[in-house]
Amino acid sequence: MKKNFKGKVWKFGDCIDSGNIKGVMAGIDPEFHTKVQPGDVIVAGINFGMGSSSEDAPRSLRDAGIAAILAESISNIYLRTLINLGLPAIECPGVSSIVEEGHELEVDLESGRVRNLANGASRTFAPFSDHAIAILEKGGLIPYLKSSLANNREGT
Amino acid sequence: MGMTITEKICARAAGRDRVGPGDMIDGKIDKLYIKDLRFSKAEDPKGLYGLFKEILKEMGIHKAWDPDKVIINFDEQPARSTRRAEGQESAKQFSQEHGATIYEGYQGGIGHNVMVEKGHVRPGEFIVGADSHSCTYGALGCFATGIGFTETVGVLATGKIWLKVPPAIYIELAGKRPSWIWGKDIVLRIMAEFGANGAVNKTIEYGGSAVDDISIESRLSMCNMAVESLALNAVFPPDERAIEYVKQVSTATFTPVESDPDAEYESRLRFDLTDMEPFVAAPGVPSNGQPVHEFVGTKINQAFIGTCSNSRIEDLRVAAKILKGKTVHPGVRMIVTPASYGAYFQAREEGLLEIFEKSKALLTASECGICTRPSLATGEVCISSGNRNFPGRMGHRDAQIFLGSPATVAASALAGEIVDPREFLPI
Ligand code: SF4
Chain A
1 MKKNFKGKVW
11 KFGDCIDSGN
21 IKGVMAGIDP
31 EFHTKVQPGD
41 VIVAGINFGM
51 GSSSEDAPRS
61 LRDAGIAAIL
71 AESISNIYLR
81 TLINLGLPAI
91 ECPGVSSIVE
101 EGHELEVDLE
111 SGRVRNLANG
121 ASRTFAPFSD
131 HAIAILEKGG
141 LIPYLKSSLA
151 NNREGT
Chain B
1 MGMTITEKIC
11 ARAAGRDRVG
21 PGDMIDGKID
31 KLYIKDLRFS
41 KAEDPKGLYG
51 LFKEILKEMG
61 IHKAWDPDKV
71 IINFDEQPAR
81 STRRAEGQES
91 AKQFSQEHGA
101 TIYEGYQGGI
111 GHNVMVEKGH
121 VRPGEFIVGA
131 DSHSCTYGAL
141 GCFATGIGFT
151 ETVGVLATGK
161 IWLKVPPAIY
171 IELAGKRPSW
181 IWGKDIVLRI
191 MAEFGANGAV
201 NKTIEYGGSA
211 VDDISIESRL
221 SMCNMAVESL
231 ALNAVFPPDE
241 RAIEYVKQVS
251 TATFTPVESD
261 PDAEYESRLR
271 FDLTDMEPFV
281 AAPGVPSNGQ
291 PVHEFVGTKI
301 NQAFIGTCSN
311 SRIEDLRVAA
321 KILKGKTVHP
331 GVRMIVTPAS
341 YGAYFQAREE
351 GLLEIFEKSK
361 ALLTASECGI
371 CTRPSLATGE
381 VCISSGNRNF
391 PGRMGHRDAQ
401 IFLGSPATVA
411 ASALAGEIVD
421 PREFLPI
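Line by line, the protein sequences are chains A and B.
Here the numbering used here is used: the first residue of the first sequence is 1, the next is one more, and so on.
Here the numbering used here is used: the first residue of the second sequence is 1, the next is one more, and so on.
Honestly, I wouldn't trust all of these hints.
[Unchecked claim] Calculated pairs, SDA-like style, for lysine to any residue (alpha carbon to alpha carbon, straight line, at most 20 angstroms):
{"id": "1", "chain 1": "B", "residue 1": "K164", "chain 2": "A", "residue 2": "Y144"}
{"id": "2", "chain 1": "B", "residue 1": "K164", "chain 2": "A", "residue 2": "S129"}
{"id": "3", "chain 1": "B", "residue 1": "K299", "chain 2": "B", "residue 2": "E380"}
{"id": "4", "chain 1": "A", "residue 1": "K22", "chain 2": "B", "residue 2": "G395"}
{"id": "5", "chain 1": "A", "residue 1": "K146", "chain 2": "B", "residue 2": "K57"}
If you are wondering where the hints come from, they were derived from the structure by calculation, not from laboratory data.
All values reported here derive from a predicted model rather than from experimental measurement.
The whole structure should be built from the sequences, with the hints applied where relevant.
Right, dumping it as structure tokens:
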């Protein structure tokens with residue numbers, strides 16, 4: 001995972017629950033999986049990923065090669081799951097108001113900044129913690145655990 | 001500066017004296033709940049146990065972190081797909097090889113209720129569950145939140161999760177609760193006030209003079225809905241009622257924690273329950289709530305009392321009270337799915353099951369049932385005591401799901417349309 005990257009935007013609305021995200025947003029657009037390209041980013045409104053904690057929805061986005069999800073707000077379980085799967089999920093208030101579908105966004109995880117390369121508009125978000133970046137860099141929680149479990153484990 | 005209940009529990013779990021909103025912690029887990037579904041190969045081709053074994057092998061470790069703290073429940077009984085059956089088999093294997101408590105058959109029901117009734121949830125604990133409604137347990141004064149599949153594997157290996165300590169919203173419940181108002185009415189009203197985005201990734205802490213009078217069942221229902229406000233967790237103070245309840249179901253010791261008087265809340269809201277009307281949420285999202293009179297007259301095809309949100313004994317009692325001696329409207333399928341076999345047997349002892357049968361409500365085994373299993377055709381309308389009314393949640397995307405208290409559901413089942421349950425309550 002890169003800490004700084006660019007990607008083409010696909011834009012979605014508010015309150016999209018994980019049932020409708022399943023199968024790469026199939027509940028909203030059954031053809032989306034044929035349009036989206038690896039490295040693209042999703043921009044959504046409030047409450048992205050609300051609902052079930054089932055992981056097939058976030059996995060389908062990761063497996064489609066989506067580089068990041070940026071939304072006004074993201075359900076906690078969904079946000080954690082995406083990061084634990086190695087896909088940056090970013091809560092960024094105002095992001096949906098600065099982009100249109102097809103624009104290119106530049107995202108910097110460490111400084112917490114997103115910039116629309118089409119019109120220069122930018123927004124900020126809470127920079128990722130070292131822990132979250134470490135998990136993302138390893139490609140998710142499972143590979144992260146495999147590489148660091150020995151140090152992590154306390155004498156149980 | 002004081003701390004909230006959630007901050008205190010997070011601090012203890014992280015081995016620190018104090019934490020505040022925004023702090024990143026590695027919290028030690030007191031209890032891990034896993035729904036049988038997570039063991040099926042639905043989410044990962046290797047399955048939960050397969051992935052876990054892979055980690056162990058790679059690390060040269062032989063055992064799960066602390067199997068005594070792992071509780072598994074079969075939420076679908078009997079399994080309705082080969083994949084689910086194999087998941088349940090894999091859960092049993094995991095339990096045999098690593099140890100873990102499994103509830104199935106007449107011991108089980110819906111996992112969240114089983115967790116509470118079997119005494120696995122105690123004040124002051126730091127609990128996670130591999131299901132989004134694990135936030136339900138906060139009703140008993142603990143920190144409890146849902147985690148995903150991958151993170152569950154992580155907890156099995158390390159006994160910890162990473163977490164950003166959430167800011168807190170304090171909700172004061174004031175006034176006198178009318179006897180026809182339950183937790184579901186109150187929480188639908190609060191959620192409507194929040195709007196769809198009001199509590200995202202925050203803690204909701206309940207308090208105020210009206211709390212005393214709110215039953216444990218109603219508190220469970222209110223905390224159950226926390227995830228629908230996108231809160232991380234919700235918590236009631238561990239008052240006498242909560243402690244009494246826990247002592248009845250568990251002999252283990254526990255350490256309740258209260259918020260400090262000078263604890264810091266990001267915001268405070270006050271709800272007076274005195275003149276409250278029953279609340280119903282319109283289809284779409286659970287925060288679409290309005291007083292019931294806004295929906296009166298809406299024709300329904302299905303009425304459902306079930307789910308981890310509302311089908312406990314208090315709910316079955318009130319539904320039976322309304323249905324007693326009457327018959328469900330001929331145009332309505334009414335389905336009653338008790339929250340657990342504990343509630344099911346209790347209801348039988350009290351003669352409630354017979355009332356359901358005679359009123360022509362369809363009684364089912366205790367499980368998640370039609371909460372997620374499709375039962376609604378295109379254009380059908382359902383009123384449900386459940387927690388989710390998203391498009392497609394219970395069947396066709398064009399079916400409509402209204403949410404209300406078990407009283408509203410039962411009364412509407414008799415009328416064939418949404419009604420104000422107060423007109424049907426023989427009180
Ligand atoms: S009853 Fe419904 S919401 Fe509750 S755990 Fe089962 S499927 Fe989930």
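How the hints compare with the structure:
1. K164/B / Y144/A: holds (19 angstroms)
2. K164/B / S129/A: holds (9 angstroms)
3. K299/B / E380/B: It holds: about 9 angstroms lies between the C-alpha atoms, which stays within 20 angstroms.
4. K22/A / G395/B: holds (15 angstroms)
5. K146/A / K57/B: holds (10 angstroms)
Of the numbered hints given earlier, the model fails none.
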